[in-house]
Structure formats: C-alpha cells, structure tokens
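Join the two chains, each given in its own frame, into one complex according to the hints.
Going down the list, the sequences are from chains A and B.
This note's numbering puts the first residue of the first sequence at 43, with every later residue one more than the last.
This note's numbering puts the first residue of the second sequence at 3, with every later residue one more than the last.
Since the hints were made in silico from the structure, they are not lab data.
Please read all numbers here as calculations on a predicted model, not as lab measurements.
Glycine included, C-beta positions come from ideal geometry on N, C-alpha and C.
Heads up, a few of these hints could be off.
[To be verified] On the chain B side, residues computed to face chain A include the following (Cβ under 8 Å): (1) A321; (2) K324; (3) E337.
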Amino acid sequence: MKRPFFLFSAGIIFILILFFLFFIFVINKKEKISEERTFQQKPALQQEMMKTEETIKVLIFLPSPEDEFLHPEERKILKTPSLSNQVKQVLLEIFKGSEKGNLNPIPPQTQIREVYIHKDGTAYLDLSSDFVKGNAGGSSSEIEAIYSIVNSITFNFPNIKRVHFLIDGMERETLKGHLRFDRSFLPNYSIIKE
Amino acid sequence: MSPSPMGKFKFSCIILPFFFISSILFSQNLQLKISENPGFERLVIQSDAPFVYVMMPERDYLSISISKGDFDFKEKIFGKEIIKEVSWDKNSRELKIYFNKKDVKFVSFTLTDPFRLVIDFSEKSGKETQEERSNVVIESGKYPKETKTLQRRSPQIIVIDPGHGGEEDGAIGPKGLKEKNLVLSISKKLKNIIEQRSGLKVFLTRDGDQAKSLDERVSIANNLKADIFISIHANASVRKNAKGAETYFLSLNATDEDARRLSQIENLGSEIEENSDLKLILWDMAQSAFLKQSSILAESVQMELNSLLKTTDRGVKQAPFKVLMGVTAPAILVEVGFLTNPEEEGMLSSDSFQEKIAEAIYRGILRFIREREKY
Chain A
43 MKRPFFLFSA GIIFILILFF LFFIFVINKK EKISEERTFQ QKPALQQEMM
93 KTEETIKVLI FLPSPEDEFL HPEERKILKT PSLSNQVKQV LLEIFKGSEK
143 GNLNPIPPQT QIREVYIHKD GTAYLDLSSD FVKGNAGGSS SEIEAIYSIV
193 NSITFNFPNI KRVHFLIDGM ERETLKGHLR FDRSFLPNYS IIKE
Chain B
3 MSPSPMGKFK FSCIILPFFF ISSILFSQNL QLKISENPGF ERLVIQSDAP
53 FVYVMMPERD YLSISISKGD FDFKEKIFGK EIIKEVSWDK NSRELKIYFN
103 KKDVKFVSFT LTDPFRLVID FSEKSGKETQ EERSNVVIES GKYPKETKTL
153 QRRSPQIIVI DPGHGGEEDG AIGPKGLKEK NLVLSISKKL KNIIEQRSGL
203 KVFLTRDGDQ AKSLDERVSI ANNLKADIFI SIHANASVRK NAKGAETYFL
253 SLNATDEDAR RLSQIENLGS EIEENSDLKL ILWDMAQSAF LKQSSILAES
303 VQMELNSLLK TTDRGVKQAP FKVLMGVTAP AILVEVGFLT NPEEEGMLSS
353 DSFQEKIAEA IYRGILRFIR EREKY
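In isolation and in its complexed conformation, chain B is listed as follows (with noise of 0.2 Å):
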C-alpha cells in the first residue's frame, strides 16, 4: 500500500523547508578571483556546488563552459599581468580568459569545501612551446589534478571511418554498388596516400566488411587521440539526378533541449557520475568546442573535392550527425557521390575515380592543417 496522503504531506512539511533553507544558503552563485602569485597567476572559480566544466583553449582565449551557477559580475573583469580579461557569456554558460603572453600554460585542480575550480597559469619558456597539443578537459569535479597546456600540437592521427558495414549495406546503386564496399575502399586509398606521402598515423574504425556501432567508432576515434576525424559516406537521395559532393560536420541541432536535459540532472549531485544522460551532454558539448576547427576542415576537404572531381559542388552543410557528436577532435562526414545517380554510381565503381576522391581528401586535411598554423 502507498503511504497515506496525509503522512507524505507531513513528511514533506518536516523535510522539505531544510531543503529550502539549504538552497538559499547553498545558492550556485559563483565567485571568481584572480590572484598574481611569484611565477604564475592564480584564477579560483568558487562554488557552493560542485559543477561540471568543459575546458577547451581556443585560438586566443581558454574557454570554459560551466554547468551551473551564475557570477556575480557583470560582463568581463580585467586581470593582471598574464590574464588580460574574464568574460562571461551567461547564455552559452561560457567563461572566456584572454591573456597578455602568447604562450601559456596552466594547471587545473579542484577542492572542495567549498569547491573550487583552481587554474594556474604561468607563462611557458621556449621548450616547452613546441610538441604540446590542444586537449580537450571533460570532467565532473570529482576528478582534480589535470595538466594541460595551451598549445595546440600540430595534427599527427588522422581516424578514417567508413561509414555502415556488416549487416548495414548502407545506400545502394541500381547496379547494385553498395556503400559499405566503395567507402571501405576509398578510406583504404586515403589511408595509402596519406602515409606513403606525409608523416601523418591513419587508423581506419574498421577495415573490413565488419558493423561497427556509431558510439565504438567514436570510442576509436577518441581512445587514439585523433586530431582529425573523417567519415566517409556515398550519398542516396528520392531525387534520382542528384549528384555531387557534399561535406558537412556538426549541427547543434538541438541545443535548448540539451540545456533542459543539463538542469534536469544537475540535481542528481553524486549519482552524476553514473549518469550516462550527463555522459550524452558532455560529449555533445565536446565536438561543440571544435565547431570552428570543424568548419574549416570541411571547407578545406570540399574545396579540393571541387577542384579534383569536377563534380556538382553542393557545398558545406550542417547536420545533427550522430558519429559526428562525441568526437573530441576536428570532425566531417564526407558524401562522395550520390549512388542512386546512375552516372555517379558508374563513375564511384571505377578505381581511378576512388583514387581521385582520396587524393582530393587528402589535399583537403593538408589544406587544413595549412590553415590552422594561421592561427
């Protein structure tokens, strides 16, 4: 039997106003200090509860996306010698430090009662500059003591994955091509090209006719460290003379959703961990921080698929791709061709116009990679 109306509503009338008192004086109001200490520079993020954040450096800012809680000033404050200015941008819930010096390093830890998000930053000396790489920072505070630098390291994996495979023919031509063969055999010919030709590591998510689920392929991509993640996939349409390339990499397609699913297990405090909705979030907000990269990348790749293959250019887009959404690195997915185009379904089965498509993505990661010393 439920307990009785009555002895619930007591219940809640004796437990319930400790919870209140407690939310009013546990407030999620964050506080941030800056401190010059001899050497480095000190940033606390001070909370009453503990909260998740996404540290990602950017081009010239590190940005940190924090779950929860507001602070308590208005737009930006000023720093000191290394920090030049915080900002807060309370609707993408990103904080973003700007520095003096060019090339600086810091280390994160966290300590709890209160907690305390701490950032040290200091300023890096020649050495230390080069051979460093970007990485990206998901944790809850639960797991402190982090290294990380600034620096972005320049590309060295590269993960190639063929789209479908096993049971999953994927599209298929009138003549009967299947998708899950011709990707399997591009991304072996860009796999060739880019080790025969350059320094770069290339790992393929299967290399076989093997199905793979769409979380392993971004497990491998993530687990080896990608810097570049491409997926290569052959196009069907109901419109029977579309033809051409596309390249598309993430739409955040669902972006208020994730906030309220976000706040709905904010409260779950030390079940977060478990939680694999939270798990779901994080990686949404990964490949969010590598948008920017993302874009780049995929112009890079469709302009050379353009200038190679002569074929319709159908640009760059933007889709909710599910393999596209954990990857914690620069992420495309590739349409060579449209299979259900006879003319192209003739022209994606002959070895010469493969080859002629890895040779465009190829030139399109080098491209990128050019482009990305810019910065």
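For reference, chain A alone in the conformation it holds in the complex (with noise of 0.2 Å):
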C-alpha cells in the first residue's frame, strides 16, 4: 500500500520541480521582452545623421494634380544606425513635397515631435497639430495625407507594419472627422500607380 503512494508523490513532486524550472525561465524571459518593449528616445537627427555618408534610396509617394492616385519619387536618404531616424529623414522627404509636379498633401508647417518604432512593428509618428489645421478636411484630403504617409514608410522599411499618428503626443479620435485616427494604420497600396 505505501509504496504506490511514495511514487504518486514523488511524480507530483518531480511535476511540481518541471513547472518551477518552467516558470523561472518563462519569468525570466517576460521581464527581458518588457524590457525591449519601452520606447527608446533616439538622439536628435542631426547628431546621428553627421555620422554617416552612406544613403540609400527610398520611395515617397504624393498625390498627382492629373487623377486621385499616389505616385511614387524617388529620394535618397543617409543610412543612420537608427531605424526611427531614417523614418523621420522619410517624413522630412514627403514634408518638403515633390520634385516632379505632384501635389504637397502635408500642410506646411508640420512638424516631426518624435518618431517612436515598436517592437511589435508599429510606428508611432507624433507630428505637432499644424498636421490636423492645415488639413482640408474632406475625406479626400484626409486620405491624400495619411496614406502618403503610412504607404511610403511602410513601402520602405518592411520592419514597419503599420503607422500611428500621434498630434502633440495625444492620440486623436479621427484627423478631421473622418478616418478613425486612434488606431494604427496599415498600408493601403490599391491607392499607388506609378
């Protein structure tokens, strides 16, 4: 009778030492991933961007004056060590507007906050509210802006999934009453045509 009963506990203690060994290496880990998860404030652009010579081509896309596409330019970027500073040199690219005739839909006075990327492959652009004044605010122009936007960073660093805007660092119900603004977006490339 007892010896059935020292092997049932010694399984059930043997069980209990697995799920301990288990749980260290899972806490253990947890804490590492919270870790990674946090926003890291990068350093000021210039700083980072005098330090290397090396670019790389990147694609914006911008409304034409001809029909109700986005069509893409091509711009040269510096190849910095920080992917949240080649995003900001993307932006500052479709900010400045186009070379080859296309429409600028960004009003002008926007400006960078910050620009955050997310582990999980979010980018979050906190842009200051010149962003949401300058707009038009008709479905249109809201779409024109956006997708200029979420389509060219998401285009060029495959690592970016999906953009949230941020104006002055809060989240937004919509940009002007339409497309819904406190989710992030992900990109919408029926709009392109070369």
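Below you can see the structure in the form of structure tokens.
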C-alpha cells in the first residue's frame, strides 16, 4: 500500500519541480521582452546624420494633380544606424513636397515631434497639430495626407507594418471627422499608381 | 517600498504552477454537438471558459464569430434534418451553420459550468416568416436568453447623418460654402423625399447646427434599430480640380490589430463587461457582419448618383471611417462632391442640384432594397 503512495508523491514533486524550472525560464524571458518593448528616444536627428555619408534609395508617394492616385518619387536618405531616424528622414522628404510637379498633401507648417518604433512593427509618428489644422477636412484630403505617409513608411521599411499617428503627443479620434485616428493604419497600396 | 525580488519570486513559484495546471485543465477547446429532438435540432458549443460571440444571420447561413478557442473537428461536420452542415474557419474565427430548410428560426441561450452556448433550430410556420427582421446579437456569455430569427424584415428605418456641425465646419469652399450647412440641407431634402414617396421612416442624427460626436451618431442609429445608415459629406482635396461624387463603406483596416487586442483582453475574464476595449472590438465586428450589404448599398447609391448628377464617377471605395465602425446595419458615407473645386462648389450651392443629389440617394436606397430582396 505504501509503495504506490510514495511513487505518486514523488511524481507530484517531480512535476512541481518541472513547473518551477519552467516558470523561472518564463519569468526571465518575460522581463527581457518588456524591457525591450519600452520606447527608446533616439538622439537628435542631425547628430546622428553627421556620423554617416552612406545613402539609401527610398520611394515616397504623393498625390498627383492629374488623377486621384499617389505617385512614387525617388529620394535618397542617409543610412543612419537607427530606424526611427531613417523614418524621420523619409517624413521630411514627404514634407518637402514634390520634385516632379506632384502635390504636397501635408500642411506646410507640420513638424515632427518624435518618431517611435515599437517592437511589434508599429511606427508611432508624433506630429504637431499643424498636421490637423492645415488639412482641408474632406475624406479625400485626409486619405491623401494619411496614406502618403503610411504607404511611404511601410513600403520602405519592411519591419514597419503599420503607422499610428499622435498629434502633439496625444491620440485623436479622427483626423478631421472622417478616418479613425485612434488606431494604427495598415498601408493601402491600391491607391498607388506608377 | 516594492516587495523584494525574492519574495515576489517565491510568490510566483507557489501561485503560477496552479495557473499553469488550471490552464491545461481548462484549455479553450470548443466542442460542438448536434442533437435531434422532436420539433427542433439543438446545437451546443461547449467550452471550459466563457467566450464572447457575435451571431449574424447571413443570406444562406448563420454566422457565429467566437472570440477564443478552437474546435476539434477539421473543416466541417454534417448535420441532421434542419442543419445541413457546420464549417469552422480558424482564421476568421467564424462558425458557419448551413441549413436544409428555407425558413429556420432559432433560440439561443447560454449555460454555465461548463460554459455552453445552446442554439435550438426549428422550422418556421408560414405566419412567422413575415414581419421578422435580422438581429445582430452582441453579447458575452453573461447575458443569456435572446430569441432571434433568421429571416430579415424589409428595411423600415433609415438614419441619415449630416456630417460635422456646431464648431466643426467640415470642408469650406473657396466662396465660403460650409460642408456642415450643405450636408444638412441635402439630408433634410432626402428625408422629405423618402417620407413623401415611401413608407420608410427617416431620422436625422442632427437637424440643426449642433455638434454631435461620432459615437453619438452611431448610438442614435443603433438605438433606433436603423435598417440603413447613410452619412452625408462633401469632399475636399489638395488637388483643386478633383471633382465628382464617391461612396464609401468601411474597410477593416486594422484587422490584425483588432485580433491582437482581442487576445490581449481575453484574459480579463469577469472584468470583460466593463472593458471598453472589448466593446470597441465588438462594435467593429458588428459592422463587419454587414460589409457585404454595405457594399451593395454603396454600389446602388453610387450608380444612381452617376446617372442623375452626370458628374465624374469616382466610384465605390473603402476606408476606415470612424462613423461607420459601430453601425449595426448596412452603412455608407456619401461624398456628394468637392467643395475645394470652385465649379462644383457653385453647383452644390444651388437648391436644384441639392434636390438632385437627394433624389439620386433615394433611388439608390430603393435599388438596394430591390437588390436585397433577390437574396
């Protein structure tokens, strides 16, 4: 009678030890992940850009005066070590506007406050409120501004899957009453035309 | 002072194995059983943990979206006399129940310990077939006992939403025409036309220059049990010569994100009712159940706008519009024309052109109702 009981309790203890080891492993791993996931603010744009002269080609997408599609334009940005810095450079290229007679969908006073890249593939773009104030406030003007940025960013940086806008550091419900702004945007390449 | 790391660790070692054991014992496997009874067939979905579900009668099947768990059958199982077959799409998390009979009604309720969603299907008598409507059920396992029928009633209530209002002007034309005033004027004309010429009831989300939040607009439509929701807007673009009308329905732009958020909050268990994130997701799911119908409504309205207005056809499009997300009915947003185009601003400011737009949208609604009856 005693022997099976002994085996049974030994088994239980063994299983508990296994759980114990398993959870040490899991806890350690989880802590590491949460550390990695915290946002890291990157050093100032210019500082980092001074360090490198190597460039990479990128495409930005801008609305055309002829049709309702976004059209690609090639630009060169500096191959800086941080991804968020490269994203900022692409944004600045969009903000500068077209070199080929396309239109600039971004209100001219718009400033980049900060760019954060989350490990899950979301780029958080914190823009100044001029981005909202200067928009003409129609569905089309919202789509032009939003997807110029979203498509340009996701197209050039495959690790970035979606873009989440912040205005003056805060989330907004919509840009100007139409497209929802409180969640991330996936790219929409169907509105691009060569 | 925060607890010492060692204390925290010991605590985890004692508590966590129990969670682990319980998570094995209560893995979220779903079991599906169909049984035959006199007069009805019973379908039971059993799970060890409560799940959230959205039931939506489609044209030829009943769709049940289930928040978590997985069925033990591979693709489909076959039913009995009333239920033809049941298929499970792991990716869209949608269970589809097909029927052998044409008019099937059902009663659903939930039981606990273990959690079961029970749906009884029976054939409908001739009388019941009429005068019944589709219903979207948004409920967690905590609110049982709802009776639903599969048959859709024909549309009776239309909610028209004039965009913007109050401090929010919307787009403004070069000559100063404000979108909020223009769309209110068109909406009122549309209401008149519909009510004069049909038995449909029309409600506006605002009938003056009031500020209304987008959530309020959606609530109005859902509380009135709207059968059709139409938001009316006027467009603007950086391209000054952009012109023409276009019609939008919702795109589920952030589907993967929604899925992720849903999985994040699944673990909340009893707090689920108060969790606003969950509500948000369910509202998304609500419109997603109507996307097919919304696209038909959009096509119907756009077709009539093209033929009546003779303006540039910009077609039917999809975008993640906030105001369409939570509507539990076919829902579209019509951009009647471009205020940023001086020529169109001139046209839009004329009473007769606004009348034409209203007429076109009305015809589009009728076309949609006809299209819908074909199914």
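Status of the hints after comparison with the structure:
1. A321: holds (6 Å)
2. K324: Holds - the Cβ of K324 of chain B comes within 8 Å of chain A, reaching about 4 Å at its closest.
3. E337: Where the cut-off is 8 Å and the nearest Cβ of chain A is about 5 Å from E337 of chain B, the hint holds.
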